[in-house]
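Take 76 as the starting number for the sequence shown in my numbering and just add one per residue.
Keep in mind the hints are simulated off the structure, nothing from the lab.
Source: prediction; values computed, not measured.
A hint or two may mislead.
[Said to hold, decoys possible] Lysine to aspartate or glutamate pairs mimicking EDC-like chemistry, simulated, CA-CA at most 16 angstroms apart:
{"no.": "1", "residue 1": "Lys85", "residue 2": "Glu102"}
{"no.": "2", "residue 1": "Lys85", "residue 2": "Asp107"}
{"no.": "3", "residue 1": "Lys85", "residue 2": "Glu104"}
{"no.": "4", "residue 1": "Lys114", "residue 2": "Glu155"}
{"no.": "5", "residue 1": "Lys85", "residue 2": "Asp132"}
{"no.": "6", "residue 1": "Lys114", "residue 2": "Glu162"}
{"no.": "7", "residue 1": "Lys85", "residue 2": "Glu160"}
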Amino acid sequence: GYISYNRGTKSGGFALGTAPSINQGFEPEQLDAYEVGLKTELADGNLIFNTAAFYYDFENIQFQRVIAGVVETVNGPSAELYGLEVELTGRVTPELTVRANGGYLHTRIGNFPGAPNTMRLPSGFNTTGDPTFNARGNRLPNAPRFSGNIGFDYRRPVGGGAITLSSNLLYSGDFFNELDNRLFVDDHVVLSASLGWESDNGLRVSIWGNNL
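Work the whole structure out from these sequences, hints included.
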């Protein structure tokens, strides 16, 4: 079992645009991360079970927006994240190993008046949005509430090497693309797999596919 605390920072800087009105500075981002977890090995090391709960506290979190064709970095006052992760790996036979993990993630943006946002025009194009928009209470971009995957690795010794087969099925819940929580990616699954041969001296040949 373990308990950890870490502080990380991302430096500030200046967004240099095509006009003096766009040349704005932005503050360093700071993250305080708290985590408690458990790492275990059971059944003579054939079963591994790990779990962790975490809480992240952001200050001056950095986001990007586009003004007059220039990408500008701006600070949001705060954001918080907390969640839970579980991981399970088991060796079923000497040749076959299966694995699975899943996670829950809660995200919330603090008071953020003037946050980057877009509005759909009748023509179908987007405009820079409402300057009075406040993103308070919205979810962070690219942060699905639920995610997980399940897969296996199979390795069969043959002659001077081994045949390998592996596959993984990834699940991602829906998530938003931007701070205004308007455009989103629906929940989906992605299947990947590979088949190959590897020699005892390290040579490996394989065929693989993603998003099958």
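Hints, one by one, checked against the model:
1. In summary, the hint linking Lys85 to Glu102 is supported, as the alpha carbons are separated by about 9 angstroms, within the 16 angstroms threshold.
2. Between the alpha carbons of Lys85 and Asp107 the distance comes to roughly 12 angstroms, so the proposed pair stays at or under 16 angstroms and holds.
3. Simply put, Lys85 and Glu104 have alpha-carbon atoms about 5 angstroms apart, close enough for the 16 angstroms limit, and the pair holds.
4. A C-alpha spacing of about 25 angstroms is found between Lys114 and Glu155, which places the hinted pair above 16 angstroms, so the restraint is violated.
5. Taking the CA atoms of Lys85 and Asp132, the gap is about 14 angstroms. The hint holds against a cut of 16 angstroms.
6. Annotation: proposed proximity of Lys114 to Glu162 holds, straight-line Cα distance about 9 angstroms (limit 16 angstroms).
7. With a C-alpha separation of about 25 angstroms, the suggested pairing of Lys85 with Glu160 is violated against the 16 angstroms cut-off.
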